[in-house]
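Here is how the chains run, residue by residue.
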Amino acid sequence: MARFTEAQQAQLDALRLSYRAELPAKLGLIGGVVDSLDAGGGEKAHLEELCDLIHKLAGSAAIYGFGAISRAAGDIETWALQALDGGLSDHGRRQLSALMRALREAFSASEIR
Amino acid sequence: MVGRSLKRILLVEDDPDIQTITSMALGSFGGFTVHVCGSAAEAIQAAAEFRPDLILLDVMMPGMDGVDTLRALREIPETVSTPVIFLTARVQPADVAKYKELDSLAVIRKPFEPTALVETIHEIWTRHRGEVH
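Listed in order, the protein sequences are those of chains A and B. In this text, residue positions in the first sequence follow the numbering used here: the first is 1242, and each later residue adds one. In this text, residue positions in the second sequence follow the numbering used here: the first is 408, and each later residue adds one.
No lab work stands behind these hints, which were simulated from the structure alone. A couple of the hints might just be wrong.
[What the hints assert, rightly or not] Calculated cross-link-like contacts (lysine-lysine; reagent style DSSO-like; alpha-carbon spacing at most 27 angstroms):
id: 1; chain 1: B; residue 1: Lys505; chain 2: A; residue 2: Lys1297
id: 2; chain 1: B; residue 1: Lys507; chain 2: A; residue 2: Lys1297
id: 3; chain 1: A; residue 1: Lys1297; chain 2: A; residue 2: Lys1267
id: 4; chain 1: A; residue 1: Lys1267; chain 2: A; residue 2: Lys1285
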């Protein structure tokens, strides 16, 4: 791996801090879509929106070095893709609640290395 | 085109967060001149004027995806043979075979490590320069 100057490392750290500071807003958006799913109606559109948001979070979190958040988001993406294929059951909704809890916990536990 | 030195990179990526860290890695760490486009339409518009040495192309984008974007870029005289590296999380063998059929240099799997990206690109570039010469 390439060696970085202190200035470059500081630049990267600042970017990661900035990304982390924006995560509550991203989680809020995702939580809003999950609430809409719970409220019923427009299930397919909400699932597609959830897929899109959570896919982006899974990808960007990993690149910014937040592996646990990325994995938790990836679990929700897998769930959402399955729900898009097979529909949304009560059991599925409970699973989603647990997965969202895990995502929030991953965020709470995250820190800049 | 691969015989040219690598200075100018056109990054086509719709996610602003990934745009930010990737362009920083390429620009600040790699010393490349980077032009960022958030969509296929932007890339098609910018390509002729920017004249990139290399295009980094996200596959999954809303609207026109990376594969169709590449086809469109090949219609533009300035990018008809510009080397392209796909960026994607979809790296199943069938997907990779499709990217190779499109005459891409390589596929960089997402998520990638930004601190290693420049080195990875240099390796790909050097390998293909060797293949061309």
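Hints broken by the structure, by number, lowest first? none
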